[in-house]
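All chains should be built: construct the whole structure from the sequences, respecting the hints.
In this text, residue positions in the sequence shown follow the numbering used here: the first is 968, and each later residue adds one.
Check the hints yourself; a few may be wrong.
Derived Cβ-Cβ restraints for the label pairs, each shown as a range [unchecked claim]:
#1 G1111 <-> G1177: 17 to 27 Å
#2 P1084 <-> L1241: 34 to 44 Å
#3 A1021 <-> L1123: 24 to 34 Å
In case anyone wonders, no lab produced these hints; they're calculated from the structure. Everything numeric in this text was worked out from a predicted model, so none of it was measured. Cβ atoms here follow ideal geometry from the backbone N, Cα and C, with glycine treated the same way.
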Amino acid sequence: MGLFVAVAVSAVTLGLLYGLFGVGLGLTLRASGALNLAYGDLVVLAVYGAVGTAGTTPATLVIAAVIALAVSVLAYLAAYAPLQRLAVAGVGFLPSLGIALLARGAAQSLVPVGSEPTENVLPGPTVLLPGGEHLPAGSWWLLGAAVLAPIAIWLLIHRTGWGSRLRAVGDDAVLAQTTGIPLRSTVAVAYLAAGALGGLTGALYGSVFGQVFTGLGWQGTVKGFAALVLGGVGSIRGALLGGLALGAAEAVTAGYISSTYQSVVSYLLMIIVLVISPRGLATGRQVRAL
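Given below as structure tokens:
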């Protein structure tokens, strides 16, 4: 019983975190047409900066989101936008790779030991579950964020003028520009929203697991992309569904087989889904809707 509860909690926790990373990555991918490989590393840098500024307090959550949105927009304007304006095909990921390495180096300079303790970032009770498993306060905040943040992103995309412009840019950036849609400012807002969501997710990760480590940057990017692919690129609901599937696969493998094969099984699941259903788990209209 205790092992089952632990696996279930781990599956949901990891799944929601991967899903939120996937939503942020999907937003920038929809806007710019290129995978933002620096996403996770910028998030870790933002959380390190927030902890260094506010310590382990609830303010860390807000500061991490603000720093992450700021560095995400700066990265887009400095490195991604010029290449997008030149319409250079097939190399859109290269600037983000350089930004990822710079962000990782900056994070290592800020925290040379490679990890930052983040206990007690968020207030709330720790719940004792059947089998002796403890559910930290951060898990409740994570659940709330996994419900409210995607809804906010969906409303931003489907109920605002900026969202209409973003969808037009995502469908055909050149055609959108010819109709007078400002490409740079439209995509910059997408990076701003994705950055804020990433900073929030990184701080929540720290609150749940008690620390944030430098390697989380690349891990968050890869697992977020895997969740995005599993659920269907372009779908908010799909990213969350893919994240939960990924989290369940990893938790079951680690709990009942061995943590050594945890990542192997999750990537194998992604390959199987791509073979069976290339559009992901969330097929249908919502795949295009984000």
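Hint check:
Restraint check, G1111 to G1177: a C-beta distance of roughly 19 Å satisfies the suggested window 17 to 27 Å. Look at P1084 against L1241: about 38 Å separates their beta carbons, and that is inside 34 to 44 Å. One distance hint, 24 to 34 Å for the beta-carbon pair A1021 and L1123, holds here, with the actual separation near 26 Å.
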